[in-house]
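J.: Residues per chain are reported as follows:
2 protein chains.
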Amino acid sequence: MKINENFQKLPAGYLFSEISRRVAEFRTNHPEVKLIHMGIGDVTLPLPNAVIEAMSKAVLDMADAQTFHGYGPEQGYASLRDLIAENDYKARGVDITPDEIFISDGAKSDCANLGDLFDVDNIVAVCDPVYPVYVDSNVMAGRGGELDETGKWSNILYLNCSADNGFVPAIPESKADLIYLCFPNNPTGVVASRDQLKAWVDYALSNQAVILFDSAYEAFITDESIPHSIYEIEGAKECAIEIRSFSKTAGFTGMRCGYTVVPKALKRGGASLRDMWNRRQSTKFNGASYIIQCGAAAVYSDSGKREVRENIDYYMNNAKIIASALKAAGISFFGGENAPYIWFKAPNEADSWALFDRLLNEANVITTPGAGFGPCGEGYIRLTAFGNATETAEAVKRIVSLIQ
Amino acid sequence: MKINENFQKLPAGYLFSEISRRVAEFRTNHPEVKLIHMGIGDVTLPLPNAVIEAMSKAVLDMADAQTFHGYGPEQGYASLRDLIAENDYKARGVDITPDEIFISDGAKSDCANLGDLFDVDNIVAVCDPVYPVYVDSNVMAGRGGELDETGKWSNILYLNCSADNGFVPAIPESKADLIYLCFPNNPTGVVASRDQLKAWVDYALSNQAVILFDSAYEAFITDESIPHSIYEIEGAKECAIEIRSFSKTAGFTGMRCGYTVVPKALKRGGASLRDMWNRRQSTKFNGASYIIQCGAAAVYSDSGKREVRENIDYYMNNAKIIASALKAAGISFFGGENAPYIWFKAPNEADSWALFDRLLNEANVITTPGAGFGPCGEGYIRLTAFGNATETAEAVKRIVSLIQ
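Residue numbers (full-length UniProt numbering), protein chains in the order written: chain A, 1 to 404; chain B, 1 to 404.
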């Protein structure tokens with residue numbers, strides 16, 4: 001019996017469990033202090049009424065043999081796939097057919113499970129800083145190599161992001177096979193322009209690479225020139241898989257629903273990646289919940305769209321509050337304009353965790369240390385716009401007065 | 001870019017898609033004929049009221065910021081894990097702690113994803129006939145080897161089941177590392193006695209193997225001497241992972257909820273498999289839906305338990321109807337006593353698919369051909385007890401008159 005030894009290579013501590021530990025310690029020592037949460041990327045507004053009504057009805061469907069729903073299609077209900085094709089793609093001039101769309105229990109599962117389609121012997125490229133799931137799931141699959149003292153894996157190609165390149169990485173000079181891109185970006189909140197995405201598509205096409213494009217935050221884009229989907233770029237259907245989520249768009253973090261698009265035009269090694277993903281999902285997944293899919297379908301109703309827009313506007317107003325306060329204080333930052341994340345560096349503190357601790361202990365605000373997303377995040381802090389507006393204003397006031 | 005070539009080894013046709021194709025063809029040619037479905041393993045009774053009420057409330061929780069639930073624990077809510085530990089284990093004298101229980105979106109996902117914990121270089125043992133997911137997920141991971149003309153994979157150890165051993169396989173003479181066992185069994189409906197399970201636990205302990213025990217059908221056991229959990233066997237915590245489902249127990253096929261138990265005592269290669277599964281689920285999964293988990297918790301309420309029992313009794317009454325009719329006709333069969341499946345061979349037909357076609361075309365009953373579950377299933381047919389009682393009686397009458 002041999003276990004998968006790659007698991008043993010992963011460092012024990014997770015970013016968010018370390019944050020929880022420090023917060024719990026603070027709370028034990030200072031039970032009287034009310035902390036403001038600006039760290040976790042979870043939504044706080046309740047679900048849209050349209051979603052609630054659709055799910056209430058779906059629950060009752062399950063109470064009657066005539067309307068009961070047992071096993072659904074592993075790919076998701078056709079009605080929901082049709083709505084996605086129509087609203088998320090056709091409405092933006094992109095032709096994606098429903099049978100290229102796979103509904104799942106969330107973008108995190110899809111991001112991680114997509115690795116099943118690829119050989120262990122591929123070069124993975126990720127941005128630094130990056131959403132840890134891309135890296136950790138590949139390390140588990142044996143694509144990491146060894147961890148060095150700077151926190152980088154020997155077989156992973158890191159696309160360095162910094163203030164110099166506006167946290168949008170340059171096209172690498174060496175060859176990568178699997179490229180994870182996330183725009184609008186978590187954690188930095190930056191977006192990629194059409195030209196920047198075009199350069200990545202061209203690179204992938206000429207290297208026979210596959211882009212795994214995470215567009216979980218596309219609903220937060222306000223600048224009309226920024227693509228919402230990689231498929232707005234010519235040639236992307238021949239080289240990209242797109243992963244989307246209802247979590248941040250419609251407040252579905254506790255509901256569990258997302259989807260992945262694998263175009264039929266995407267072929268590698270003579271095989272259709274769409275057919276491979278279909279086989280993977282049919283074998284290792286049993287469809288998303290009927291009730292949750294009914295809720296997701298309601299996101300595309302007229303009232304659903306209006307309510308979702310209102311919630312996103314609320315969060316983006318928080319982002320504006322944060323951005324304005326930082327700007328007024330002369331603190332430079334990234335994001336916040338087309339994403340619910342703001343990424344900034346304190347003028348007088350080069351260590352993310354030290355800054356995290358000062359913000360926790362002295363400003364009583366919980367944030368996320370940028371170093372937790374990769375070595376290039378060192379010195380930075382991620383703030384999220386998913387909180388309450390009044391608390392957000394108070395928190396950013398305290399942050400500014402502490403670090404200015 | 002190298003794709004995972006193991007996918008290309010899998011035969012294109014699935015059992016259930018081939019059945020659907022033949023049924024669709026029949027329906028096109030005979031639109032006037034009403035078919036009775038005795039094939040698919042899906043439930044038909046609506047959800048218990050206790051579950052409906054709990055989910056209706058949970059949906060409303062999501063409509064109010066005060067009771068809204070965002071991201072939940074990847075391992076599932078502690079309240080549900082406590083109920084499982086108490087009701088499914090402690091009540092049967094088994095000490096499983098809540099932190100050894102991992103809630104998921106279903107047993108199919110867990111069965112397939114558990115492979116992540118093990119090296120590609122392990123000998124997998126499966127019963128023949130078998131639930132195809134065990135085999136296909138291992139083939140995808142590279143543990144299959146090559147497919148031979150009899151439908152067997154060169155690197156998989158098949159535990160042959162037949163009428164001679166009552167479809168409970170003998171302990172193998174060679175060494176296996178990962179052993180998939182499912183009792184009550186899908187597709188044969190047979191159960192394993194305490195002594196039979198003890199022999200497997202002893203084998204696993206002495207070979208340092210791991211048993212993946214699928215007890216999705218434990219709620220259908222009527223014989224009090226039959227173990228519901230592998231952990232009722234001494235030593236099992238050091239060698240077994242148990243996978244369970246709310247699907248068949250409580251009608252959750254369209255809901256998506258199951259759980260997996262990985263005891264802390266289970267260690268291999270110096271590592272805790274519980275900690276590895278925790279890391280896998282934390283990295284590649286984001287928890288089951290809050291609403292669905294609230295529904296699952298209601299299964300353990302007094303009224304939930306009563307209603308679940310009534311539904312299971314209804315299905316088991318169908319099993320009795322089938323069993324009595326076959327017995328009266330002198331047709332021998334397996335299962336139906338402690339499982340919702342009946343497994344029989346026609347006296348005058350040695351080919352599963354030919355028998356399937358005759359039952360479809362002449363008796364107008366949809367069944368499942370045993371050969372679809374593996375070479376040892378050849379000649380057999382699986383009937384399920386999940387239908388309507390009147391239709392079930394009519395279907396089995398037609399089957400008997402056709403094959404007798």
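A couple of the hints might just be wrong.
Heads up, the list lumps identical chains together, so a pair's fine if it works in one copy or across two of them.
Unchecked claim - Each computed BS3-like pair below joins lysine-lysine, with the alpha-carbon atoms no more than 27 angstroms apart:
#, residue 1, residue 2
1, LYS152, LYS34
2, LYS198, LYS175
3, LYS397, LYS34
4, LYS267, LYS175
5, LYS9, LYS264
6, LYS320, LYS34
7, LYS267, LYS2
8, LYS34, LYS267
9, LYS2, LYS152
10, LYS305, LYS57
11, LYS9, LYS57
What the hints contain is simulated information worked out from the structure, not anything from laboratory work. Bear in mind the structure is a predicted one, so any value in this text is a computation, not a measurement.
J.: All hints are to be evaluated individually against the structure, with a verdict given for each.
T.: Status of each hint after checking the structure:
In this assembly of identical chains, LYS152 and LYS34 lie within 27 angstroms of each other by CA distance neither inside one copy nor across copies; the values are 36 angstroms within and 63 angstroms between. Proximity of LYS198 to LYS175 under the C-alpha cut-off of 27 angstroms is restricted to the intra-copy arrangement: shortest distance 17 angstroms within a copy versus 53 angstroms between copies. Taking CA atoms no more than 27 angstroms apart as the test, LYS397 paired with LYS34 passes inside one copy only; the shortest distance there is 15 angstroms, against 71 angstroms between copies. Taking identical chains as interchangeable, the C-alpha atoms of LYS267 and LYS175 lie at most 27 angstroms apart only when both belong to the same chain, with a minimum of 18 angstroms there against 39 angstroms between chains.
With identical chains, the CA atoms of LYS9 and LYS264 are at most 27 angstroms apart between copies only, with a shortest distance of 20 angstroms across copies and 36 angstroms within one. For the homomeric pair LYS320 and LYS34, the shortest alpha-carbon distance inside one copy (24 angstroms) is at most 27 angstroms, but the shortest distance between copies (62 angstroms) is not. Taking the shortest Cα distances, LYS267 and LYS2 sit within 27 angstroms of each other only across copies (11 angstroms), while inside one copy they are farther apart (33 angstroms). For a Cα distance limit of 27 angstroms, the shortest separation of LYS34 from LYS267 qualifies neither inside one copy, at 54 angstroms, nor across copies, at 42 angstroms.
When the C-alpha separation of LYS2 and LYS152 is checked against a cutoff of 27 angstroms, the pair qualifies both within a copy, at 26 angstroms, and between copies, at 23 angstroms. In the homo-oligomer, the alpha carbons of LYS305 and LYS57 lie at most 27 angstroms apart both inside one protomer (19 angstroms) and across protomers (24 angstroms), since each shortest distance falls under that limit. When the C-alpha separation of LYS9 and LYS57 is checked against a cutoff of 27 angstroms, the pair qualifies neither within a copy, at 47 angstroms, nor between copies, at 43 angstroms.
In the structure shown, a violation is registered for the earlier hints numbered 1, 8, 11, in ascending order.
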